[in-house]
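Trainee: Here the protein sequences line up with chains B, P, A and C, keeping their order.
Per the numbering used here, the very first residue in the first sequence carries number 1; after that it's consecutive.
Per the numbering used here, the very first residue in the second sequence carries number 331; after that it's consecutive.
Per the numbering used here, the very first residue in the third sequence carries number 661; after that it's consecutive.
Per the numbering used here, the very first residue in the fourth sequence carries number 991; after that it's consecutive.
For the record, the hints were derived by calculation from the structure and aren't laboratory data.
Careful: at least some of the hints might be erroneous.
Said to hold, decoys possible - Quick list of in silico lysine-lysine cross-link-like pairs, DSSO-like style, CA-CA up to 30 Å:
| # | chain 1 | residue 1 | chain 2 | residue 2 |
| --- | --- | --- | --- | --- |
| 1 | P | Lys396 | P | Lys338 |
| 2 | C | Lys1135 | B | Lys298 |
| 3 | B | Lys39 | B | Lys87 |
| 4 | C | Lys1280 | B | Lys290 |
| 5 | P | Lys589 | C | Lys1135 |
| 6 | A | Lys958 | A | Lys919 |
| 7 | C | Lys1029 | P | Lys628 |
| 8 | B | Lys66 | B | Lys87 |
| 9 | A | Lys747 | A | Lys726 |
| 10 | B | Lys298 | B | Lys8 |
| 11 | C | Lys1280 | A | Lys747 |
| 12 | A | Lys747 | A | Lys801 |
| 13 | C | Lys1135 | C | Lys1077 |
| 14 | A | Lys801 | A | Lys958 |
| 15 | A | Lys919 | A | Lys950 |
| 16 | P | Lys589 | P | Lys620 |
| 17 | C | Lys1249 | P | Lys338 |
| 18 | B | Lys290 | C | Lys1288 |
| 19 | A | Lys668 | A | Lys950 |
| 20 | P | Lys369 | B | Lys87 |
| 21 | C | Lys1077 | P | Lys471 |
| 22 | C | Lys1280 | B | Lys298 |
| 23 | A | Lys958 | A | Lys726 |
| 24 | A | Lys950 | B | Lys141 |
| 25 | P | Lys417 | B | Lys39 |
| 26 | P | Lys471 | C | Lys1280 |
In this text the structure is predicted, and so the values were computed from the model without any measurement.
4 protein chains.
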Amino acid sequence: MSSYTYPKFGAGLWHFANYIDRYAVDGYGPALSTLEQIKLAGEVEDLSYVDVPYPFTPGVSVSDVKQALQEAGLQAIGVTPEIYLRKFSRGAFTHPDATVRAEALALMNEAADVVRELGANYVKVWPGQDGWDYPFQVDHKNLWKLAVDGMRELAGANPDVKFAIEYKPREPRVKMTWDSAAKSLLGIEEIGLDNVGILLDFGHALFAGESPAGSAQLIIDRGRLFGMDVNDNLRGWDDDLVVGTVHMTEIFEFFYVLKCNNWDGVWQLDQFPFREDHVEAANLSIRFLKHIYRALDKLDMPALQAAQLEQNPLKAQRIIQNALLTSIEE
Amino acid sequence: MSSYTYPKFGAGLWHFANYIDRYAVDGYGPALSTLEQIKLAGEVEDLSYVDVPYPFTPGVSVSDVKQALQEAGLQAIGVTPEIYLRKFSRGAFTHPDATVRAEALALMNEAADVVRELGANYVKVWPGQDGWDYPFQVDHKNLWKLAVDGMRELAGANPDVKFAIEYKPREPRVKMTWDSAAKSLLGIEEIGLDNVGILLDFGHALFAGESPAGSAQLIIDRGRLFGMDVNDNLRGWDDDLVVGTVHMTEIFEFFYVLKCNNWDGVWQLDQFPFREDHVEAANLSIRFLKHIYRALDKLDMPALQAAQLEQNPLKAQRIIQNALLTSIEE
Amino acid sequence: MSSYTYPKFGAGLWHFANYIDRYAVDGYGPALSTLEQIKLAGEVEDLSYVDVPYPFTPGVSVSDVKQALQEAGLQAIGVTPEIYLRKFSRGAFTHPDATVRAEALALMNEAADVVRELGANYVKVWPGQDGWDYPFQVDHKNLWKLAVDGMRELAGANPDVKFAIEYKPREPRVKMTWDSAAKSLLGIEEIGLDNVGILLDFGHALFAGESPAGSAQLIIDRGRLFGMDVNDNLRGWDDDLVVGTVHMTEIFEFFYVLKCNNWDGVWQLDQFPFREDHVEAANLSIRFLKHIYRALDKLDMPALQAAQLEQNPLKAQRIIQNALLTSIEE
Amino acid sequence: MSSYTYPKFGAGLWHFANYIDRYAVDGYGPALSTLEQIKLAGEVEDLSYVDVPYPFTPGVSVSDVKQALQEAGLQAIGVTPEIYLRKFSRGAFTHPDATVRAEALALMNEAADVVRELGANYVKVWPGQDGWDYPFQVDHKNLWKLAVDGMRELAGANPDVKFAIEYKPREPRVKMTWDSAAKSLLGIEEIGLDNVGILLDFGHALFAGESPAGSAQLIIDRGRLFGMDVNDNLRGWDDDLVVGTVHMTEIFEFFYVLKCNNWDGVWQLDQFPFREDHVEAANLSIRFLKHIYRALDKLDMPALQAAQLEQNPLKAQRIIQNALLTSIEE
């Protein structure tokens, strides 16, 4: 039996939903309510936290959610306002119509209340519809101003709540405004408030052509890493596959950087198991993440740091393969 | 007033639907029935053909569709069986369960009947759920065999009907089995039947890293170009944007190759105007395509052929810019 | 005859060199000296400026270059120190060895002197070897610190000279440190000096997944657009093709944004005509750019601004197609 | 000590050369002769084969090479004619000038002689300069015909020698004619000769958006897998990194498919260690490949086949992670 004390694991509650897309318009399975999703999440071994989309299924109250979480042995880490539904499909913060922008802000203010009521850590802000689809569609100066001013207004109105922006290069918009770690940090600096940070999604960073480990370091160095998600993809899209199924080395490097910086938050899953069993997908993920945790423990960190000081990739890879593939020296 | 006799223009009927995706789960607009979509299509200037998804909206019969098409001044060019809905979300031809594969074939046989009843040209086969999502998920030999054998069975059972495979690299599957022009031609050759060909989508070819013009030539040389679609994208995804909004030169080259080969089919749109007016999107597209048609007329084809014989891109580009940008020599 | 007063056109002097790569190790043509390249540049119609790599061919002095430029009717807009040759192949600012970093700085200080002697506008800093090739190769915190501190030291030592960083996602390094507009602006802010800015390369922005127009706006809004280059590519690599041969619409949008901001610098070419006539490649480019300039003049800017305020891409595209393809309304 | 009987390992001889590119035009190290490269290759533990570029360094004869190989304990697996040097920079098989095409054929016929003299397995044909750079540059029908006819002429003239085409999407050409597994198989079928096959490069398949394992299966099913190379990259370019440093799972799947098909050829490296010690890079690679070999031995193949029959990625990944990461069940 393992003697390790693992980090806490979490997941976006949507990990336990059924999905729909522009082709399977009848969905990959029957729609599940907020409460049904929480129940499924509770079936995962070793899951402690969920990030809860808001609004809940019609008829479900905050206290229903509270009770369901308690029964499932879960806590809310964050609340994600759905600022990407039909009403906001042409933008939330950046919608051309001021009335719709106000409605988006109202929804996010409600989400801040839910964070308070659930004792969660942050409102996750994922403005997936903010951006553009065509060359010449937008005045780029104006678009950026709307994005930054809106975030400032929101965070300024809720100084007791943290707001974690989750950037992604694109989807559903052909190009998202908050598209990379660096652009998000630029925007956050323009906002000028302490309660705005970043939720770093490993797969989004890969998709953006970043080193996820390098982006983690950059964000940490500015004190803005409010949360993180993991998953996997083939680099060309936000596939939200099960973590560790494609990029073992880069996820290892990602957690290595977090460890070096003593980042001790929740290890969260942001996966969309369209065609798979949702609970088993989470179990497989956590099993892999525990392997990563143990491999970090085995890693010869002083030797790795020395190799990195030389920028010697052969030495560095030999060291990390020893920890990740423990039988390699057989 | 123009004295040109333009080609016939067509569109996938879904151009006039409202869409849904994994984020805007309440849709980008209210659901529209098959008949409502036909009516909208009828409002486009200069549209003659539509490709009709099957099954129709519940309650709508083939004769209802026939009548609606007639009233809208349209004809059916093809019928597209929806082998990508929930039932087939783990595959149609390649579903691991033989029962589901049989259901997919049954649906496609029905679609062949609809082609006969509507007097259309082909069944369009778009197996978007056939493929894989993860490394190690499938036995590649078996997957390809299921794909090829299924197409052969379908086409063999309907020798009087044409079947046009529309390849695409991916989506909704992370990787589609019929993913490129060359692989489709390989499969078609293995099938060994004359009534299986290709519906070449300009944007899919771009997304696949192909020269759409080169793929058209390759498919024509094997006698398999049964139809084509146009649209646009940023190369990294099947964005289904309005044609001509990004890649003017490559769409011009595409139609140039069709003209050189005397290909005289319908110029079809496969666009998803998620956030735009559907009729206006089609009108803008056809306006652009007419410009392309006129530019082909102005093109100094002997000079271009001479430049291509030398493989001289500077000469070739000068010639085609003269035709596409008629005021460039101002 | 045209009555337009066109902007000044320029080119990197390497446009007139012959190239070499890892396959054609004997080069795509015979090596040409700095003076031979200047002479060729002088043969281009309407070229006024060149960006000159430093060191020059052995034996060539600054006064030789000065005289050659004068004879060719050219001026130096910038000087580009070659901090990517063998000595710096493991990094210039970020080389693991402090001695090599000092040599890189010494070379760049010399380049600053050449800027002063030639009366050029800036030292262009393109640290193409600064970055990493493998996961786990570098300590990202340290790498970024080296990059930023080195730039600060260089610019601080030459307060009378401008330094223009040219970012690019990668090549020759698998991943470059200065990889995007946003990351460059972050670094520049950390540097904290007025004489550090950006040379925005249209193709690099495309390759980075940016909207080149959007990046131009972002950089201008922070007062850091010190220069720009144009060319073209297929988005997946820095192909350095002749401008206008692929992305007509996006280059038009790029210059539209420059015009809106009254940016009145030199329109420069950064192209690598590996297999083409270098002078003819430049002539074709400038012919196209003049068309863009005239199209901007024809553009209905108030109507476009109104369409952008609505974020309506169909209206915007109709307006810009009218200007770019003047015969579209035939 | 290990009791495994490992496969034979090989490498392209260029693994031991120094490189040059369009920026580091003075090279990443001093040029090394054919014989020096062979000597370095001999220093690698467990290397048995090399693929030898031809022509050799001036002054080096076939018998010199033979002797050097013998002294280094190596054998030639293939010979690679350098049909990508300056003379062929506008194409080898597809060069617009028939005289140059004849020179390319002559060089390849000489390479066939070297294969005979060295007792190697094949001529590797890598037409990296055959293709196009610009839209509208080529007549696609003519380009493809030149590519196919030339290969047929070459192979037909040397029926006793095998010719292995190595496809790649691009580089140095912006687009290569032999760009994918499927297109290569189409061409080979048009050629219609038994002695033309494919050298499958793992990294090229990744870069082409293929499943390398799936491409191996497709090529094997047509009896055309004449050889293979491994390396790694970030999917967006042919980085030729050390194998196993990025894509552990996909390289494991690749070798799994080879094992299922009883493919028993040489496991070859095609890597370009620009900035690394060449011998150590090869040693690290072979160490990793031995781990893969042992992991295949540990793999529960019946269970994996059952999971693949269901197309169940979660089951499949659990099984392969148990073999690849033996300590995962700790």
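Trainee: Decide, hint by hint, whether the structure agrees.
Mentor: Status of the hints after comparison with the structure:
no.: 1; hint: P:Lys396 - P:Lys338; result: holds (19 Å)
no.: 2; hint: C:Lys1135 - B:Lys298; result: violated (57 Å)
no.: 3; hint: B:Lys39 - B:Lys87; result: holds (29 Å)
no.: 4; hint: C:Lys1280 - B:Lys290; result: holds (25 Å)
no.: 5; hint: P:Lys589 - C:Lys1135; result: holds (20 Å)
no.: 6; hint: A:Lys958 - A:Lys919; result: holds (13 Å)
no.: 7; hint: C:Lys1029 - P:Lys628; result: violated (62 Å)
no.: 8; hint: B:Lys66 - B:Lys87; result: holds (27 Å)
no.: 9; hint: A:Lys747 - A:Lys726; result: holds (27 Å)
no.: 10; hint: B:Lys298 - B:Lys8; result: holds (20 Å)
no.: 11; hint: C:Lys1280 - A:Lys747; result: violated (35 Å)
no.: 12; hint: A:Lys747 - A:Lys801; result: holds (24 Å)
no.: 13; hint: C:Lys1135 - C:Lys1077; result: holds (21 Å)
no.: 14; hint: A:Lys801 - A:Lys958; result: violated (49 Å)
no.: 15; hint: A:Lys919 - A:Lys950; result: holds (14 Å)
no.: 16; hint: P:Lys589 - P:Lys620; result: holds (14 Å)
no.: 17; hint: C:Lys1249 - P:Lys338; result: violated (53 Å)
no.: 18; hint: B:Lys290 - C:Lys1288; result: holds (21 Å)
no.: 19; hint: A:Lys668 - A:Lys950; result: holds (11 Å)
no.: 20; hint: P:Lys369 - B:Lys87; result: holds (25 Å)
no.: 21; hint: C:Lys1077 - P:Lys471; result: violated (42 Å)
no.: 22; hint: C:Lys1280 - B:Lys298; result: holds (21 Å)
no.: 23; hint: A:Lys958 - A:Lys726; result: violated (39 Å)
no.: 24; hint: A:Lys950 - B:Lys141; result: holds (26 Å)
no.: 25; hint: P:Lys417 - B:Lys39; result: holds (25 Å)
no.: 26; hint: P:Lys471 - C:Lys1280; result: holds (26 Å)
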